[in-house]
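Colleague: Okay, here's what each chain looks like letter by letter:
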Amino acid sequence: MKKIHILLLLCVAIAISVLISFMGTLTTYDTVQTAREQPGKFIHLVARLDHTKPVEYDAVHNPNYLSFTAIDSLGEAVKVVYRNAKPDNLEISDRLVLKGAIKDDYFDCREILMKCPSKYKDDNKAVEKRLPHAGTTNRKINHLPGNKKV
Amino acid sequence: MDYIGESLLPGKLGNFFIILSLISSLMATISFFLSIKKPFENEKSKWLRVARISFFIEVVSVLAIFCILFYIISNHLFEYKYAWQHSSLSLEAKYLFACFWEGQEGSFLLWSVWHCVIGLILIKKARSWEAPVMAVLSLAQFCLATMIAGIHMLGIKAGSNPFVLLRNEMDAPVFLKPDYLSYIKDGNDLNPLLQNYWMIIHPPVLFLGFASAIIPFAYAVAGLYTKRYKEWVKPALPWALFSAAVLGGGLMMGAMWAYESLTFGGYWAWDPVENASLVPWLILVSGIHTMLIYQHTRRSLRSTFLFIIFSFLLILYSTFLTRSGILGDSSVHAFTDLGMNFQLLFFLLLFVLPSIFLLAYHFRSIPHIAKEEGTSSREFWMFIGSLILLLSAVSIIIMTSIPVVNKIAGFFAGEDKTLFKPLATGENAEHSYNQIQIFAAISIGILTGFTQYLKYKKTGVNYFFKKAGRPILVSLLIGVILLFFGNIHYDKQGIGFLILICAAITSSVYAIIGNLSYIGIGLKSNLKSSGASVAHAGFGLLLLGILISASKKEILSINSSGLAVPMGEGSTEKPGENLTLLKGARTSMDDYWVTYKTDSAHPQKRLWYYKILFENKNGIEKFTLTPNAFVNYKGVEGLMSNPDAKHYWNRDIFSYITSLPDPAINNDTSQYEVKQLKTGDTILYNDGLFILENLVTKTNLKMAGLEAGDTASVATIKIISKTKEAYSAEPIVIRRNNQSYLLPDTVNEVKLIFQLREATGEMIRLGIKPSNPKIEYVTLKVLKFPFINLLWMGAVITIFGFLMSMVRRIKLTYQG
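In order, the protein sequences belong to chains A and B. So in the numbering used here, spot 125 of the first sequence is number 125, and the numbers just go up one at a time. If you count the second sequence from 1, you need to add 1000 to reach the numbering used here.
Rather than coming from a laboratory, the hints here were simulated on the basis of the structure. Note that the structure is predicted; figures quoted are calculated from it, not measured. It is possible that some hints are incorrect.
In silico DSBU-like links for lysine-lysine, alpha-carbon gap of 30 Å or less [as the list claims (entries may be wrong)]:
no.: 1; chain 1: B; residue 1: K1492; chain 2: A; residue 2: K79
no.: 2; chain 1: A; residue 1: K2; chain 2: B; residue 2: K1234
no.: 3; chain 1: A; residue 1: K79; chain 2: B; residue 2: K1421
no.: 4; chain 1: A; residue 1: K2; chain 2: B; residue 2: K1553
no.: 5; chain 1: A; residue 1: K3; chain 2: B; residue 2: K1553
no.: 6; chain 1: A; residue 1: K2; chain 2: B; residue 2: K1675
no.: 7; chain 1: B; residue 1: K1675; chain 2: A; residue 2: K3
no.: 8; chain 1: B; residue 1: K1407; chain 2: A; residue 2: K41
no.: 9; chain 1: A; residue 1: K3; chain 2: B; residue 2: K1458
no.: 10; chain 1: A; residue 1: K99; chain 2: B; residue 2: K1552
no.: 11; chain 1: A; residue 1: K41; chain 2: B; residue 2: K1492
no.: 12; chain 1: A; residue 1: K99; chain 2: B; residue 2: K1421
no.: 13; chain 1: B; residue 1: K1553; chain 2: A; residue 2: K99
no.: 14; chain 1: A; residue 1: K3; chain 2: B; residue 2: K1234
no.: 15; chain 1: B; residue 1: K1675; chain 2: A; residue 2: K103
no.: 16; chain 1: A; residue 1: K2; chain 2: B; residue 2: K1230
no.: 17; chain 1: B; residue 1: K1675; chain 2: B; residue 2: K1622
no.: 18; chain 1: B; residue 1: K1407; chain 2: A; residue 2: K99
no.: 19; chain 1: A; residue 1: K41; chain 2: B; residue 2: K1230
no.: 20; chain 1: A; residue 1: K99; chain 2: B; residue 2: K1492
no.: 21; chain 1: A; residue 1: K103; chain 2: B; residue 2: K1230
no.: 22; chain 1: B; residue 1: K1811; chain 2: A; residue 2: K99
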């Protein structure tokens, strides 16, 4: 056997072991119910914000504590605690991907990905809302934010 | 219906040139191809002439499309959807280019323009390789032309046309009016995150990298097709070096942009979009190394074919990943699905299948040397280096392709979640990359350090240790000193990973020292041929910068303010990473006292600047950072925050806003009470009186953000409270293009806000309302990045090294 063959075998072996160790770190997209069945296991939870329940966040008292209720695709609700600053567009998001694990009676969330009905995505429906309606007045006063001289 | 005020000519011209470019690129592809196939010289040259003319027409049409689209954007012709969707009147002129390539259509066009430039150079320089190489390039041009064609055929929409009209694409009642344009006051604007100067330059450089990567590929395919298996390597090498330099530069510019305008606190996040460009670069660099091996020893030709072909195929794969919307859930900055997935897949397969088939068909005929290389030869270790880059690339691309795996598995498993649960990256996605790539970093550092001291074919042991021994000792010494005094104690991932970091730091020091001393010893300071050593030393520096800045990154804004209350549930958790600053209150943060001093607003955009004063507790250092945030910007509710950093030679202090008071709470709903008054008038209110003392209307008021032609009126109002104390307020109104911009003034002492609504002659209309006392604060995150400048410096030096090698290889190819 030539050196090059040994090398290639070695490469394949490394690649396979890397792949196996990587597969081990992978996790799955779960629902509230399957997450509850395995508390402590890190999962991705696809859910949306429950607008009927309060969103608890007070940056003045503790900027690192956010709590809200999320509902998954099967309609099951869970309390979520996120120890970080509140993502500002949480309330308007369509869909949340919550990364974390069930801990006691709540979902201990490490990271939140938000899917917002953003105008920057080339979604015609969302963009259409930004068109003016016929009959709006031409005269428009633009209020500038703030009251400071700049 | 006849619409009023539309300018339709540019669009018609644009569409004409799109059709012309489709036809001419197809014509060029066919005739370049025929000129290879034809057996007789006169026929060959006839077809070559046709092909060249077609390609020139193609160049003219692509440039014309580019100019017309830019004309539409820069003149704010909002009847065109592209201009309306990507730009706005308030956008600074320099960002008009960024608008151009914000959309898919513009970025495809950019790619196409670079192909044109490269094609012209090839027609002039490529000689016998012109026809086959240009045939491949023209085919790519044809594919890109279909991407912006927007033709409906047999129920399939091919491409997305940049010249479509807003009224044809959108469904809104406003389009029922012939004068609809007068209602469309402004465009949708450029995404604020892209309003950064790197976004002007990063995409063109990256796309030049993409566009140039096709050239080595085209040479390889041409070599296979024309059975000139060996000759293509020499002319393709300068192009490969050029492409690696430019693609690498584009990548680093993207990293710079992420560092400066995104808020994940870093420059690299192993995001699929980043990975998708990094992987082709790694394979291309492997290919460059095997090309050099072939040039010097006639070995590794087969692997050269593999590397070079796959580097371009991976660029197509990454284009598919980022533009098909398949990354939706896993990436922050992919393009969205324009319904062109089949077309993109077709484009991918159109290049993948024939090139793989050609390679498989000819593989046995590609010459190779059966006798194996010696372990003491340079080529052996260079090849190992290429293999390591390959392994690194393969592991990255597999990890990035999880969404594709989910899609394919989901396609077979259907909706049944018990058969297949979609996979997701683990708890610490970044670390799962880091823990693998650190091995690549260690091996590459060591390999680049010593391999050049070896000679091709065979090296004497004594010779090697005489030359290479000292750099090894020096690097070990420097490495130990660095680790000892550098306080590297990154233990978040355990002691094993810390040891790996230490090993990687030492090996990257070796890469720097080894290559620098090779320039001195091995090349006797012959700088012209030291491109490789310069690139390697730069890469070592880049690795060192990555390792130090990442392992010594610190979060300074650990919540330690007196405001902190019990953290609620699970209060044993680590302290939070965000700190709230009340306006005016000096707060302790790490080595600093920080104070939220003031904020100010951009005159036209809903953009706020927050001035945060940092005072080092040592009493000497003092600076102000101004992170800014777009709040509820043009229909996007919420906060989009841009960081600000203080740069020192050895560290950056990096800060960004994570939370602001809810504007709905602070923007109280009470209405202004409007009064009409003229200079000298006095008006009584509950707690006193106020007088309009003075009214000035000027065209040249000294104010930031004021443009020529603006008129500003300033009213000076004197307020006298019941307690006989006097205050003054200066509300301002700015008139621009028949629009009024109001800058109200608040007098906190009497809790009133004055708003100048209109000023005509001596008369004004003044709005008055009570100001509610509000809590003003910002919540921010502050990070310290030590020695991040090493990384940027390393990147620049690496690119410079590539370019030095390229210049040398061009001379060898075209003069030798």
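Colleague: What are the numbers of the hints that this structure violates, sorted from low to high?
Modeller: When the structure is compared with the hints, numbers 4, 5, 6, 7, 15, 17, 19, 21 and 22 turn out to be violated.
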